[in-house]
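> Given next are the chains, with one letter for each unit.
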Amino acid sequence: MTTTTPRLFSTTSSSLARKLPTPASAPKAARRNRSAPKSENFNRIRTLRRNMFSPAPPPLRMARQRYLRHWTIHRAWMLFRRKQHEAIEKERSRMHAGMYNACEELRKTVGPGSRGEGYLYRVAMEKKGVYGLEGVPIEYARFQTDSPAKEPWNHDWKR
Amino acid sequence: MSRCQAVARPLARQLRQQCAIRPFTTGAARAAAEVQQQQQSASSSVPPPAQPSALDLDPNSVLPEFEAELIKAGKMPVGSRRRRVAMRTTANVPFEQLPYQAFQEARAILAADRQEKVAKIQEELVKIAALESKDASLVKGGQSMKDTKLASLRRYVEQLKIQADINDPLVKKRFEDGLGDMNKPIYRHYAERKWRSYDYRLITQRIKQFNIVPDVLPKLDPVADVQLYFRHSKVAPGAVVDSLVSEHPPRLRVQVFDAGSRLVSLVVLDADVPDADNDAFSKRCHFLAANIPLSPDSTSLPLSRITAEDQLAVPWLAPVSQKGAPYHRLGVYLLQQKPGAKVDVAQLKQLYAARDGFSLKSFRDKFSLTPVGFNMFRSVWDENTADVMARHGIPGADVEFRPARVHSLKPPVKPRGWEAKRQGPAYRHLWKYTKRIKGLSNGRGWTKRR
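Here the protein sequences line up with chains A and B, keeping their order.
At position 35 of the first sequence the residue is numbered 35 (the UniProt record's numbering), and the sequence of numbers has no breaks.
At position 401 of the second sequence the residue is numbered 401 (the UniProt record's numbering), and the sequence of numbers has no breaks.
What the hints contain is simulated information worked out from the structure, not anything from laboratory work.
Quick caveat, the model's predicted, so the values are computed rather than measured.
Please note: incorrect hints may appear among the correct ones.
[To be verified] Straight line, CA to CA, 27 Å or less: simulated DSS-like cross-link-like pairs of lysine-lysine:
{"hint": "1", "chain 1": "B", "residue 1": "Lys414", "chain 2": "A", "residue 2": "Lys83"}
{"hint": "2", "chain 1": "B", "residue 1": "Lys134", "chain 2": "B", "residue 2": "Lys173"}
{"hint": "3", "chain 1": "B", "residue 1": "Lys366", "chain 2": "B", "residue 2": "Lys349"}
{"hint": "4", "chain 1": "B", "residue 1": "Lys435", "chain 2": "B", "residue 2": "Lys448"}
{"hint": "5", "chain 1": "A", "residue 1": "Lys90", "chain 2": "B", "residue 2": "Lys338"}
{"hint": "6", "chain 1": "B", "residue 1": "Lys161", "chain 2": "B", "residue 2": "Lys146"}
{"hint": "7", "chain 1": "B", "residue 1": "Lys219", "chain 2": "B", "residue 2": "Lys414"}
{"hint": "8", "chain 1": "B", "residue 1": "Lys184", "chain 2": "B", "residue 2": "Lys283"}
{"hint": "9", "chain 1": "B", "residue 1": "Lys117", "chain 2": "B", "residue 2": "Lys72"}
{"hint": "10", "chain 1": "A", "residue 1": "Lys90", "chain 2": "B", "residue 2": "Lys366"}
{"hint": "11", "chain 1": "B", "residue 1": "Lys127", "chain 2": "A", "residue 2": "Lys83"}
{"hint": "12", "chain 1": "B", "residue 1": "Lys338", "chain 2": "B", "residue 2": "Lys323"}
{"hint": "13", "chain 1": "B", "residue 1": "Lys75", "chain 2": "B", "residue 2": "Lys120"}
{"hint": "14", "chain 1": "B", "residue 1": "Lys283", "chain 2": "B", "residue 2": "Lys173"}
{"hint": "15", "chain 1": "B", "residue 1": "Lys117", "chain 2": "B", "residue 2": "Lys127"}
{"hint": "16", "chain 1": "B", "residue 1": "Lys134", "chain 2": "A", "residue 2": "Lys90"}
{"hint": "17", "chain 1": "A", "residue 1": "Lys90", "chain 2": "B", "residue 2": "Lys448"}
{"hint": "18", "chain 1": "B", "residue 1": "Lys338", "chain 2": "B", "residue 2": "Lys184"}
{"hint": "19", "chain 1": "A", "residue 1": "Lys108", "chain 2": "A", "residue 2": "Lys128"}
{"hint": "20", "chain 1": "B", "residue 1": "Lys410", "chain 2": "B", "residue 2": "Lys432"}
{"hint": "21", "chain 1": "B", "residue 1": "Lys184", "chain 2": "B", "residue 2": "Lys208"}
{"hint": "22", "chain 1": "A", "residue 1": "Lys83", "chain 2": "B", "residue 2": "Lys117"}
{"hint": "23", "chain 1": "B", "residue 1": "Lys173", "chain 2": "B", "residue 2": "Lys146"}
{"hint": "24", "chain 1": "B", "residue 1": "Lys134", "chain 2": "A", "residue 2": "Lys83"}
{"hint": "25", "chain 1": "A", "residue 1": "Lys83", "chain 2": "B", "residue 2": "Lys432"}
{"hint": "26", "chain 1": "B", "residue 1": "Lys342", "chain 2": "B", "residue 2": "Lys323"}
{"hint": "27", "chain 1": "A", "residue 1": "Lys83", "chain 2": "B", "residue 2": "Lys173"}
{"hint": "28", "chain 1": "B", "residue 1": "Lys173", "chain 2": "B", "residue 2": "Lys140"}
{"hint": "29", "chain 1": "B", "residue 1": "Lys149", "chain 2": "B", "residue 2": "Lys172"}
{"hint": "30", "chain 1": "B", "residue 1": "Lys184", "chain 2": "B", "residue 2": "Lys149"}
[Stated by the list, open to error] Beta-carbon label-pair distances, calculated as ranges:
{"hint": "31", "chain 1": "A", "residue 1": "Arg61", "chain 2": "B", "residue 2": "Ser197", "range": "21 to 31 Å"}
{"hint": "32", "chain 1": "A", "residue 1": "Arg61", "chain 2": "B", "residue 2": "Lys234", "range": "24 to 34 Å"}
{"hint": "33", "chain 1": "B", "residue 1": "Ser197", "chain 2": "A", "residue 2": "Arg94", "range": "31 to 41 Å"}
{"hint": "34", "chain 1": "A", "residue 1": "Pro55", "chain 2": "B", "residue 2": "Lys338", "range": "55 to 65 Å"}
{"hint": "35", "chain 1": "A", "residue 1": "Ala36", "chain 2": "B", "residue 2": "Leu98", "range": "49 to 59 Å"}
{"hint": "36", "chain 1": "B", "residue 1": "Lys234", "chain 2": "A", "residue 2": "Arg49", "range": "31 to 41 Å"}
{"hint": "37", "chain 1": "B", "residue 1": "Lys140", "chain 2": "A", "residue 2": "Val123", "range": "43 to 53 Å"}
{"hint": "38", "chain 1": "A", "residue 1": "Tyr100", "chain 2": "B", "residue 2": "Gln143", "range": "34 to 44 Å"}
{"hint": "39", "chain 1": "B", "residue 1": "Arg405", "chain 2": "A", "residue 2": "Pro59", "range": "26 to 36 Å"}
{"hint": "40", "chain 1": "B", "residue 1": "Gln143", "chain 2": "A", "residue 2": "Arg61", "range": "36 to 46 Å"}
A virtual CB, placed ideally from N, CA and C, is assigned to each residue, including glycine.
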C-alpha cells in the first residue's frame, strides 16, 4: 500500500525545519515572558525596590518650643529603652548565673549510689534528643569542606 | 428611575442644601451664625464698630473682624483663625504644663529618673562622710587608698549631679539662651561640650598648623575657652589683625569648665621677631600679668583693666611687623598657678622688663605654672604700621626685609633634545624644523636672552 504524501525537497524532518517567524508570534512570546511566574519573594523584593532607592525623608523642622518638647520626648524614650535593656540584661545574667551555679553543684556532688563525683553533671551535659529523637546535627550529614559542593543537595537520593 | 429613588430625591435635595450650609467644626458654625446675625442686623441697622483690644492688634491673636485693620497697618495675621482664637486663651500656659500627652508622659519618666539620681547622690554623700570620718589606718591600703577612694567617690557624685539635670528641657533652654549659671555643674558640662565640639578643635588645629607646640611650648592642650576681642569684635584664632586695631590691648573672654576660683598668669608672646644679625627669629613678650583671679562665672578679662601693682608685670606693647618680614604669630597663653600660690610680680618685672628673648617654657618651669588656655592672632606689615611704630617709639619702621637670593648649587644645564642637537650648520637642511623651540625661539628668530 502506498500513500502519496507530498514530498518535500529537503530531507530534514519537518519538525527540525526552520519556521518562518510569523509577525504575531514574536510579541506573543514577549508577553508570555513578561508575565513570568512570580517568585515566592516577589512582595519582599518589590518592597525593597521601593524603599531602597527612595530619597531620605526631609529633616524635621520645628520651632523652639516644639523642638524642646520633641527633645524631651526623645530623651525620655531613650531613657526608657535603656532601662528596659538593662532590666532584660540583668534578668538574663541572673538566669545564667543560676544555671551555672546549679551545674557547679552537680559537678561537685558524688553521684547516687556508687557513682563517682560529677556523674550527674556528665549526664546533665549530654545532648541527647537536642536535635530530635535519634537525630544528629545537619553539619555532620556530610564531610566538612572549604567550599560548597557543586550540587548542594541530592534530592533524588534513595537508600 | 426606580420608585425608591423617586421617593428619596426631594428628601436628598433638602439634605444636600443643609449640608452645603453646615460647616465642619462647631466653632466655625458659631462664627457663621454670628456672621448671619450680623448680616441680618446690618440690613436692619448699622452697629457701632467694636473697639479693638490689645489682643486684637496682635497678629498672633487677631479676630477676623480686625484683620483688615491690621493688614492695613502692615502686619499680616499669623496662622489660621482657629489657631488665633486658641492663642487668645492659651498664651499664658507655662512650658512644662503644655497639655501634650506624650510630652507630659515623658516629663513623668524624666522626673522619676531624676528622683533616682538624687537618691543616689545622697547615698554617695553618706558614703563619703563615713569614709572621711574613718581613720586612715583602718582603711585597707592606708592614706593613699583613702584619698583615691574619696576622689573617685567625689567624681562619681559630680557625674551624678550632671546626669540628674541633663534631661531637663528648661535647663537646656536656659543654656541655649546664655542664661545658665556657670557655678552649676550641668551648665559647665553643656558649655564644655559645646566648646569641645568646635572651638577646641579649631584651637588645636591652629596650635598644630602654626607650629606653636615645638616652637613655643613642648606640650599644649587647652582645657579652657579663650576668645579674643579687639574693639568689641571677636577675632578668629589665627586671623591677621590690623596693627591699628591691635594697638590697644584686647579683651579676653575666658571660660573655665572646672569649679572654683583660681589664679592665672597671662602672657602674650610674639614668636617671630626677626633677628637679622644672627639670621634667625627670636621671641618677645608683649604682655605679662600674674595673679589674675578667674572663676567659671567671671568670663570677661580686659587686658586694659589689669593694672594692679601685684598683677601687671609687663604692660601691653603694640604688636608690629616690619616690612618684608613674614607674619608674626602672637599667642595669648593662659597659665594656671598652683592653688593658693601667688607669683612674685616684682621678680617678674625684674626678669622680663627687657621683653626680648622671653621663653615661655622657662617661665612656666620657673613659677610652676600649667598652660590651660590658648588663642592667637597674627600681625603683618600694613599701611598703619609705620604710624603705630612712630607713636610707640618702636624702631625699625624704615627697615625693609628682602629675601636673600639663594643660587642653585647645580651647574647650568645645556639644552637637550632632538632640536638642540641639530642646531649646528651641519643640519642646515633641518633648520626649518629646529629653529622653533618652545621657550627658546620662534619663526622670527632667537627669543631667549643670552
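> Now look at each hint and say whether the structure bears it out.
Results for each hint:
A threshold of 27 Å between alpha carbons decides the hint, and for Lys414 (chain B) with Lys83 (chain A) the separation of about 80 Å lies outside it, so the pair is violated. Annotation: proposed proximity of Lys134 (chain B) to Lys173 (chain B) is violated, straight-line Cα distance about 43 Å (limit 27 Å). Taken as a hint, the Lys366 (chain B) and Lys349 (chain B) pair is honoured in the structure, with Cα atoms around 14 Å apart against an allowance of 27 Å. With a C-alpha separation of about 12 Å, the suggested pairing of Lys435 (chain B) with Lys448 (chain B) holds against the 27 Å cut-off.
For the suggested pair Lys90 (chain A) and Lys338 (chain B), the alpha carbons sit about 46 Å apart, so the restraint of at most 27 Å is broken. Pair hint Lys161 (chain B) plus Lys146 (chain B) holds up; C-alpha atoms about 22 Å apart against a cutoff of 27 Å. Pair hint Lys219 (chain B) plus Lys414 (chain B) does not hold up; C-alpha atoms about 51 Å apart against a cutoff of 27 Å. Annotation: proposed proximity of Lys184 (chain B) to Lys283 (chain B) is violated, straight-line Cα distance about 40 Å (limit 27 Å).
Restraint check: the Cα-Cα separation between Lys117 (chain B) and Lys72 (chain B) comes to about 56 Å, which exceeds 27 Å; the hinted pair is violated. A distance of roughly 55 Å separates the Cα atoms of Lys90 (chain A) and Lys366 (chain B); the hinted pair therefore is violated under the 27 Å criterion. As the CA atoms of Lys127 (chain B) and Lys83 (chain A) are separated by approximately 25 Å, the hinted pair is consistent with the 27 Å bound. For the proposed pair Lys338 (chain B) and Lys323 (chain B), the alpha carbon gap of about 42 Å is over 27 Å, so the pair is violated.
A hinted pair counts as satisfied when its Cα atoms are at most 27 Å apart, and Lys75 (chain B) with Lys120 (chain B) does not qualify at roughly 54 Å. For a cut-off of 27 Å, the pair hint linking Lys283 (chain B) to Lys173 (chain B) is broken: about 45 Å separates their Cα positions. A C-alpha spacing of about 15 Å is found between Lys117 (chain B) and Lys127 (chain B), which places the hinted pair at or below 27 Å, so the restraint holds. With a C-alpha separation of about 34 Å, the suggested pairing of Lys134 (chain B) with Lys90 (chain A) is violated against the 27 Å cut-off.
About 86 Å separates the Cα atoms of Lys90 (chain A) and Lys448 (chain B), which puts this hinted pair outside 27 Å; it is violated. With a C-alpha separation of about 23 Å, the suggested pairing of Lys338 (chain B) with Lys184 (chain B) holds against the 27 Å cut-off. Proposed proximity of Lys108 (chain A) and Lys128 (chain A) is supported: the alpha carbons are some 22 Å apart, at most 27 Å. At roughly 33 Å between alpha-carbon atoms, Lys410 (chain B) and Lys432 (chain B) are farther apart than 27 Å, so this suggested pair is violated.
At roughly 33 Å between alpha-carbon atoms, Lys184 (chain B) and Lys208 (chain B) are farther apart than 27 Å, so this suggested pair is violated. With a C-alpha separation of about 14 Å, the suggested pair Lys83 (chain A) and Lys117 (chain B) falls inside the 27 Å cut-off, and the hint holds. Proximity of Lys173 (chain B) to Lys146 (chain B) is assessed by CA-CA distance (about 40 Å); at most 27 Å being required, the pair is judged violated. Taking the CA atoms of Lys134 (chain B) and Lys83 (chain A), the gap is about 35 Å. The hint is violated against a cut of 27 Å.
A C-alpha spacing of about 89 Å is found between Lys83 (chain A) and Lys432 (chain B), which places the hinted pair above 27 Å, so the restraint is violated. For the given pair, Lys342 (chain B) sits about 41 Å from Lys323 (chain B) by alpha-carbon distance, which is inconsistent with the 27 Å threshold. For a cut-off of 27 Å, the pair hint linking Lys83 (chain A) to Lys173 (chain B) stands: about 26 Å separates their Cα positions. The straight-line distance between the Cα atoms of Lys173 (chain B) and Lys140 (chain B) is roughly 46 Å, outside the 27 Å bound, and the hint therefore fails.
With a CA separation close to 32 Å, the supplied pair Lys149 (chain B) and Lys172 (chain B) exceeds the 27 Å bound. About 24 Å separates the Cα atoms of Lys184 (chain B) and Lys149 (chain B), which keeps this hinted pair within 27 Å; it holds. For Arg61 (chain A) and Ser197 (chain B), the hinted distance range of 21 to 31 Å is satisfied, since their beta carbons lie about 22 Å from each other. Take Arg61 (chain A) and Lys234 (chain B): their Cβ atoms lie about 29 Å apart, and the range 24 to 34 Å holds.
Checked against the given bound of 31 to 41 Å, the beta carbons of Ser197 (chain B) and Arg94 (chain A), roughly 40 Å apart, stay inside it. Between Pro55 (chain A) and Lys338 (chain B) the beta carbon distance is about 58 Å. The supplied range of 55 to 65 Å therefore holds. Taken as a hint, the range 49 to 59 Å holds for the pair Ala36 (chain A) and Leu98 (chain B), whose Cβ atoms sit roughly 57 Å apart. For Lys234 (chain B) paired with Arg49 (chain A), a C-beta distance near 52 Å fails the hint of 31 to 41 Å.
Take Lys140 (chain B) and Val123 (chain A): their Cβ atoms lie about 44 Å apart, and the range 43 to 53 Å holds. In this structure, Tyr100 (chain A) and Gln143 (chain B) meet the distance hint of 34 to 44 Å, their C-beta atoms being roughly 40 Å apart. For Arg405 (chain B) paired with Pro59 (chain A), a C-beta distance near 58 Å fails the hint of 26 to 36 Å. Checked against the hint of 36 to 46 Å, the C-beta distance between Gln143 (chain B) and Arg61 (chain A) comes to roughly 59 Å, which is inconsistent with it.
Consistency note: the structure conflicts with the earlier hints numbered 1, 2, 5, 7, 8, 9, 10, 12, 13, 14, 16, 17, 20, 21, 23, 24, 25, 26, 28, 29, 36, 39 and 40.
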